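Construct all of the structure, not just a fragment, from the sequences and the given hints.
Here the protein sequences come in this chain order: A and B. Per our numbering, the first sequence starts with residue 1075, numbered consecutively. Per our numbering, the second sequence starts with residue 39, numbered consecutively.
Take every hint as true, because none was put in to throw you off.
From chain A, some residues computed to sit far from chain B (all C-beta separations above 10 Å):
id: 1; residue: GLU1088
id: 2; residue: VAL1152
id: 3; residue: SER1155
Restricting the straight-line Cα-Cα distance to at most 25 Å, the calculated cross-link-like pairs of lysine-lysine (DSS-like) are:
id: 4; chain 1: B; residue 1: LYS93; chain 2: A; residue 2: LYS1169
id: 5; chain 1: B; residue 1: LYS79; chain 2: A; residue 2: LYS1181
id: 6; chain 1: B; residue 1: LYS79; chain 2: A; residue 2: LYS1169
id: 7; chain 1: A; residue 1: LYS1169; chain 2: B; residue 2: LYS58
id: 8; chain 1: B; residue 1: LYS102; chain 2: A; residue 2: LYS1169
id: 9; chain 1: A; residue 1: LYS1077; chain 2: B; residue 2: LYS79
id: 10; chain 1: B; residue 1: LYS104; chain 2: A; residue 2: LYS1169
None of these hints come from the bench; they were simulated from the model. Because the structure is a prediction, the values reported are computed rather than measured. Even glycine gets a Cβ: it sits at the ideal position worked out from N, Cα and C.
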Amino acid sequence: LAKTTQPISMDSYEGQEVNITCSHNNIATNDYITWYQQFPSQGPRFIIQGYKTKVTNEVASLFIPADRKSSTLSLPRVSLSDTAVYYCLVGDMRKLIFGQGTELSVKP
Amino acid sequence: GAVVSQHPSWVICKSGTSVKIECRSLDFQATTMFWYRQFPKQSLMLMATSNEGSKATYEQGVEKDKFLINHASLTLSTLTVTSAHPEDSSFYICSASRGRDRNTIYFGEGSWLTVV
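The structure is reproduced here in structure tokens:
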């Protein structure tokens, strides 16, 4: 299972775009990149998943370069309710190992 | 989306007693369920993986005799913390996998255990 490295924390303001980058240098060929969001005292919630290039859904975009050794979660126009911990996970979805995550704080 | 439910949401028990936490997949059959624990301000730590009808696979350092996991059906897995001690107080989270396809791991709401 590939190890991931993310910034421990990030600050932003309402309405800004937030980009959180995750490094996963030893990603395997079969591994997907998945991002989860967790609020205090709740289970993680799926945000987005990708394998290569770019994936976009109604809440976020995921950018993956050709070498797949990193990925960037992009949250457009964040609001106060986006304050949470964001986890980047890499694997084949048979088992999810969580890294430290990024604590995003959105300020008014 | 798929729903995974945990019960109870929170529980307080006396030191030395056992407590059971249930994890149910409400609208799909879960071939695999996972149990995590999370201490305040820390990440989720995988405790064990359970497959329906077989013994759970525990992660290194997790005592299988203390944390009993039963996955008796495709919709229910239980975690029993035996002879609980205050240091077992934590947030326990389960997740369920519908299969090997991507996007198919769903998490429960979590259960707070406080041992007094």
